[in-house]
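I would like the entire structure built from these sequences, with the hints used as guidance.
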Amino acid sequence: MIRPEFSRPFRLSALPAAGEEITLEADAAERAALARRFGLIALDRLEARLQLRPDAAGGVAVSGRLSARLTQACVVTLEPVVQRIEEAIAFRILPEGQHPSEDPQAEDEVESEGGMAELGEVVAQHLSLAIDPYPRAEGAVLPEAATDRSGSPFAALLRLRRE
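If you read the sequence shown in the numbering used here, its first letter stands for residue 1228, the second for the next number, and so on.
Simulated from the structure, these hints should not be mistaken for laboratory data. Some hints here could point you the wrong way.
The calculated label-pair distances, taken between Cβ atoms and stated as ranges, are [unchecked claim]: (1) A1364 <-> M1343: 41 to 51 angstroms; (2) D1271 <-> G1366: 46 to 56 angstroms; (3) A1367 <-> P1327: 35 to 45 angstroms; (4) R1280 <-> P1370: 44 to 54 angstroms; (5) Y1361 <-> D1335: 21 to 31 angstroms.
Just so it is clear, CB atoms sit at the ideal spot from N, CA and C, and this is done for glycine as well.
Listed below in structure tokens is the structure:
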């Protein structure tokens, strides 16, 4: 098994019956590795505050907040663009041997193995989904040749091909 860049294994049997709150924070080396993985210029901060509670089905309900500060390259100018992420996250850790639901409407589910769940990787995956896929620096606009009056980049390409 490959160890994730941001590894925070959690033993399900260690969870008190009343639940607990934990904070996961990536150190500089972990943030640098995640920045490389996600194609970022920098990942200056990554923290998750999670509330874990046992559920009636033998799993663990997890809810909390993900906070991050990162820098990406603008898709137009390549200038650095800083993004702050503050997002609620929720998922369920399944008891060992139980497989995730195939229902696309079901809440996020995480499998456990050997009585352990990898919380750091779950947080990293939530971060990857929250990152703006097309960051733009303030005031950055696409050159006119890339669009036409209809707003279609394909029409603009067709016009360029004809020229």
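For each hint, the structure was consulted:
1. Distance hint check: the CB atoms of A1364 and M1343 are about 42 angstroms apart, consistent with the given range 41 to 51 angstroms.
2. The supplied range of 46 to 56 angstroms is broken by D1271 and G1366, whose beta-carbon atoms lie about 23 angstroms from each other.
3. In this structure, A1367 and P1327 meet the distance hint of 35 to 45 angstroms, their C-beta atoms being roughly 40 angstroms apart.
4. For the pair R1280 and P1370, the supplied restraint of 44 to 54 angstroms holds, since their beta-carbon distance comes to about 52 angstroms.
5. One distance hint, 21 to 31 angstroms for the beta-carbon pair Y1361 and D1335, holds here, with the actual separation near 24 angstroms.
In this structure, the one hint that does not hold is number 2.
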